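Asker: So the chains spell out like this:
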Amino acid sequence: MATSALPRAAEAFVAKDFKSELKPIWCPGCGDFGVVQAIYRALAAIGRPPHEIAFVSGIGCSSRIPGYTTAYGFNTVHGRALPIAQGIKLASPELLVLVAGGDGDGFSIGGGHVAHAVRRNIDLTYIIMDNQIYGLTKGQLSPTSPRGLRTASSTYGSMEDPVNPLLYVLGYGARFVAQGTPADMGQLSKLIEEGIRFPGFAFINVQSPCVTYGEPETQLKAQKQRMETLESLGHDPSDRIKAMELAQHYGEKLHTGVFYRDPAPPPPYSHYVAERQGELRDDTLTREHILDVFLPRE
Amino acid sequence: MTSELTIGMAGSGGDGIVSAGDSLMTALALAGYHAMLTKSFGPQIRGGESSFRLRVSTRPVLSPGGTLDVAVALNWDDFLKFGGELPLDGHSVVIYDENTGVAPDKIPVTGVKPAEVVMVGIEAMAKNTVGSEKAKNTIVLGLMAGWFGLAPENIRAGLRKRFAKKGEEIVARNERAFEAGLAWAREHPLRHARTLGPAPEGASTKLVTDGNDLCAAGAIYAGCEFFGGYPITPSSEIMHFLNREIWKYGGTMLQCEDEIAGIGACVGASFAGKKALTATSGPGMSLKTEMLGLATIAELPLVVVNVQRGGPSTGIPTKSEQSDLFQAAFSAHGDAVRPVLAPINVADTFPITVEAFNIAEKYQTPVIILSDQEISQRKEAIDRPDTSSLRVERRRVPNQQELEHYVRFRITESGVSPISHPGMKGGNYLASGIEHTESGAPTASGLVHSKMNDKRLRKLGPLKSRADLFLTEGPAHASLALVAWGSISGLALEALQLSHRAGLDVKLLVPRLLYPVAEEVYREFFASVKRGLVVEQSHQGQLYRVIRMFVDMPAGVESFARSGSNPISPVELVERLRSQARELLANREPVSQAE
Ligand SMILES: Cc1ncc(C[n+]2csc(CCOP(=O)(O)OP(=O)(O)O)c2C)c(N)n1
Ligand code: SF4
Ligand SMILES: [Mg+2]
Numbered sequence: 008m009a010t011s012a013l014p015r016a017a018e019a020f021v022a023k024d025f026k027s028e029l030k031p032i033w034c035p036g037c038g039d040f041g042v043v044q045a046i047y048r049a050l051a052a053i054g055r056p057p058h059e060i061a062f063v064s065g066i067g068c069s070s071r072i073p074g075y076t077t078a079y080g081f082n083t084v085h086g087r088a089l090p091i092a093q094g095i096k097l098a099s100p101e102l103l104v105l106v107a108g109g110d111g112d113g114f115s116i117g118g119g120h121v122a123h124a125v126r127r128n129i130d131l132t133y134i135i136m137d138n139q140i141y142g143l144t145k146g147q148l149s150p151t152s153p154r155g156l157r158t159a160s161s162t163y164g165s166m167e168d169p170v171n172p173l174l175y176v177l178g179y180g181a182r183f184v185a186q187g188t189p190a191d192m193g194q195l196s197k198l199i200e201e202g203i204r205f206p207g208f209a210f211i212n213v214q215s216p217c218v219t220y221g222e223p224e225t226q227l228k229a230q231k232q233r234m235e236t237l238e239s240l241g242h243d244p245s246d247r248i249k250a251m252e253l254a255q256h257y258g259e260k261l262h263t264g265v266f267y268r269d270p271a272p273p274p275p276y277s278h279y280v281a282e283r284q285g286e287l288r289d290d291t292l293t294r295e296h297i298l299d300v301f302l303p304r305e
Numbered sequence: 006m007t008s009e010l011t012i013g014m015a016g017s018g019g020d021g022i023v024s025a026g027d028s029l030m031t032a033l034a035l036a037g038y039h040a041m042l043t044k045s046f047g048p049q050i051r052g053g054e055s056s057f058r059l060r061v062s063t064r065p066v067l068s069p070g071g072t073l074d075v076a077v078a079l080n081w082d083d084f085l086k087f088g089g090e091l092p093l094d095g096h097s098v099v100i101y102d103e104n105t106g107v108a109p110d111k112i113p114v115t116g117v118k119p120a121e122v123v124m125v126g127i128e129a130m131a132k133n134t135v136g137s138e139k140a141k142n143t144i145v146l147g148l149m150a151g152w153f154g155l156a157p158e159n160i161r162a163g164l165r166k167r168f169a170k171k172g173e174e175i176v177a178r179n180e181r182a183f184e185a186g187l188a189w190a191r192e193h194p195l196r197h198a199r200t201l202g203p204a205p206e207g208a209s210t211k212l213v214t215d216g217n218d219l220c221a222a223g224a225i226y227a228g229c230e231f232f233g234g235y236p237i238t239p240s241s242e243i244m245h246f247l248n249r250e251i252w253k254y255g256g257t258m259l260q261c262e263d264e265i266a267g268i269g270a271c272v273g274a275s276f277a278g279k280k281a282l283t284a285t286s287g288p289g290m291s292l293k294t295e296m297l298g299l300a301t302i303a304e305l306p307l308v309v310v311n312v313q314r315g316g317p318s319t320g321i322p323t324k325s326e327q328s329d330l331f332q333a334a335f336s337a338h339g340d341a342v343r344p345v346l347a348p349i350n351v352a353d354t355f356p357i358t359v360e361a362f363n364i365a366e367k368y369q370t371p372v373i374i375l376s377d378q379e380i381s382q383r384k385e386a387i388d389r390p391d392t393s394s395l396r397v398e399r400r401r402v403p404n405q406q407e408l409e410h411y412v413r414f415r416i417t418e419s420g421v422s423p424i425s426h427p428g429m430k431g432g433n434y435l436a437s438g439i440e441h442t443e444s445g446a447p448t449a450s451g452l453v454h455s456k457m458n459d460k461r462l463r464k465l466g467p468l469k470s471r472a473d474l475f476l477t478e479g480p481a482h483a484s485l486a487l488v489a490w491g492s493i494s495g496l497a498l499e500a501l502q503l504s505h506r507a508g509l510d511v512k513l514l515v516p517r518l519l520y521p522v523a524e525e526v527y528r529e530f531f532a533s534v535k536r537g538l539v540v541e542q543s544h545q546g547q548l549y550r551v552i553r554m555f556v557d558m559p560a561g562v563e564s565f566a567r568s569g570s571n572p573i574s575p576v577e578l579v580e581r582l583r584s585q586a587r588e589l590l591a592n593r594e595p596v597s598q599a600e
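Line by line, the protein sequences are chains B and Y. For the working numbering, add 7 to where a residue sits in the first sequence, where the first one is 1. For the working numbering, add 5 to where a residue sits in the second sequence, where the first one is 1.
A couple of the hints might just be wrong.
[To be verified] Which residues of chain B face chain Y? A few of them, derived with a C-beta cut under 8 Å, are:
| # | residue |
| --- | --- |
| 1 | F81 |
| 2 | A98 |
| 3 | G118 |
| 4 | R157 |
| 5 | D289 |
[Said to hold, decoys possible] Cut-off 25 Å, straight-line C-alpha distance, at most; resulting in silico cross-link-like pairs (BS3-like, lysine-lysine):
| # | chain 1 | residue 1 | chain 2 | residue 2 |
| --- | --- | --- | --- | --- |
| 6 | B | K30 | Y | K430 |
| 7 | Y | K118 | Y | K171 |
| 8 | Y | K430 | B | K26 |
| 9 | B | K23 | Y | K430 |
| 10 | Y | K111 | Y | K86 |
| 11 | Y | K44 | Y | K139 |
| 12 | B | K30 | Y | K456 |
It is worth saying that the hints were derived from the structure and are not from the lab. All of these numbers come straight from a predicted model, not from anything done at the bench. Beta carbons are placed, not taken as given, at the ideal position from N, Cα and C, and that holds for glycine.
The task is simple: from the sequences and hints, build the whole structure.
Answerer: Encoded structure:
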């Protein structure tokens, strides 16, 4: 499978090669600690050196994550990680580009970008750390908060239905859609690794609890009781319709694993860019030639 | 013989007005003339009335000109809709189609008596020679060539080329139409003959382009490898051009889902080490401001073009205005300076864009180019830009030694620190919109914040001495002054020439660098000045106010500002200067001698 995520160097990496010296600002017990660990492991398994990885995020507790890795990190602005990541990947297709952020970052302020990232199918791996709350701004409603949730900005209970991140991306035609949790680290790092290896846009929703503002039933302990792997349900991840059916239960049940993986993924966007450049690129052109297009032609 | 002519023509959708204008422009450019072509359309997206005005000269053309020397009306309703853009006066020749059924002494033009009114059976001639009224515009080309000597050979060749695809028959018909118009003109000489003199000996073929295309070409010349953007009038042609060309030079582009994503993708591309451009107009610029702040604090090079149109909000998308200077200079939050450049005409969009990339790369900052609708859309026949004096800069990347202990935001004397990009071993760092230490670690320290602000502002200091980004004309010690920017500067230059002929002691300053305000350049310029005008197409006089934030202008320098879509004429500028000169005399303030 031709994907840029495949290792090129023979060097072997271990998880700690991807751990930076910055000390996370996260609250002790925050689910995001598990996510970053899972990322270290996935990256070690992939084997690309840190300098060939660009890790982009928005703003939020979760979006601090690139700084805790040794990759080239970019902690951008709230909700805009995806467009920036796409620019990076288009400019340097040989890089491995990871994107991460919160549920608010991805599905509220940045929600408009998700559809386009999915349909363009630029080879990115997008990890949402879904805690159903705004952590950084101290506990307001998030787009994935359940109806009725009482938060600082919904004192008497939320009056809206949440976004379903899994259906959202499946609806736009995402070709790799998975859900994991730090409650099962082995599975989570595998899912991330698989997402990275998938040629094209890959989406992984991670149930990463906020210990400070999150609800008791979102915490790891409760998750461990609720979670069911899709594998144990005998789900066939090449079945998109079934994946959508299962994804309906987001919020009620906790299904983990791969919902959908396109069994015959088309080439990602960068393939077409390379093709177009191959067709049109003309190395005999110098910068001076660009002015020739303005020569009047009768 | 005349050295220049201004021609205007109007008609309805199917009359081929625009293609007649383009044909004339191409023919004149091939013959070595300078020319400026502005087109104007009714509010319909397609098929409504349209007009062009073409000013052709043996010398560089500074502005679209004032009243017409030659006016062509295919029908009066349409012509009159463009009254403001196609003004007549006592020396105009008016040519119109007999099929309008209006007698030459009854044409519906009020307030002026044209020098000559000629009724021609344009439609009838088209039908007779070709059997279709579609050839009306070709008949007009023949008339123009016959009466005014407008490059008949090149027009003929152009027609042959343009219709070649449609077959020999169509070519022959159009040739017949052209010859018919030409012959009719020769048989019916004008009372006031006005033939365009030959282009100067050895005049080279001109380039024909507009401010959007040439700006995009400037980006390619500067080595831009990525474009991200979202369509918006009047900037979209920059995206269209790059979409055609950038691949050939190894680059790529993306039409994004909105302007935020457009600039976001560019920020990403720049982070990845590539030169990137985005282009938009006012509403899109409003969306881009947060990312400008990000590029500033993450110290990423980036060029943003704002082709200004009437605002606020949707405003008047198709008309020029210079009302986004405040926004460009001050929009995004925080303590920041973002360089703002403005081209003065179509030709200038090329070097200005190259300069914008150079400044962006050298100082690792977003740079805004404030173009305007007028410059972006009008076509000009210009000399090929002189590239011998153009340099192309690249960002300073860390060397091997620096990479061994790489500190991305190292505080240096100049404020500029070497910048790595993904793929560079040892250059790994965290870029962020969060304030950061020299090594890139997020921080909330006031001390670090202050030092970093200082670094980011200090590195732009040298821009304030870029006197080369200012154009000055006229006697150095003049007591009267004109200051103008963007597309308005052409008018100001013309006003300067007129006022010198009128014996006024005036000089002109045209900033191409608008921000940061180059205080010393203005101070030096204003030293001899007692009265003057800062001329701009905005309601508030934004440049006037921005200069005054930093420079004590002489009290007699006034703002001459007018909202977009309201023409400013060189003549009225001269009138205003004349009365300023009179005030000076009345006050017996010493008027320095013109040099
Ligand atoms: C344009 C903008 N609006 C608002 C904010 C404030 N803000 C920062 S993070 C955030 C939401 C955080 O929630 P989420 O994305 O779910 O991340 P979490 O902290 O839960 O990981 C908000 C509203 C901002 N930084 N920028
Ligand atoms: S507030 Fe919540 S999401 Fe943020 S660091 Fe603390 S536990 Fe994690
Ligand atoms: Mg959240």
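Asker: Could you tell me which of the hints above the structure violates, numbers in ascending order?
Answerer: Of the numbered hints, 3, 4 and 7 do not hold.
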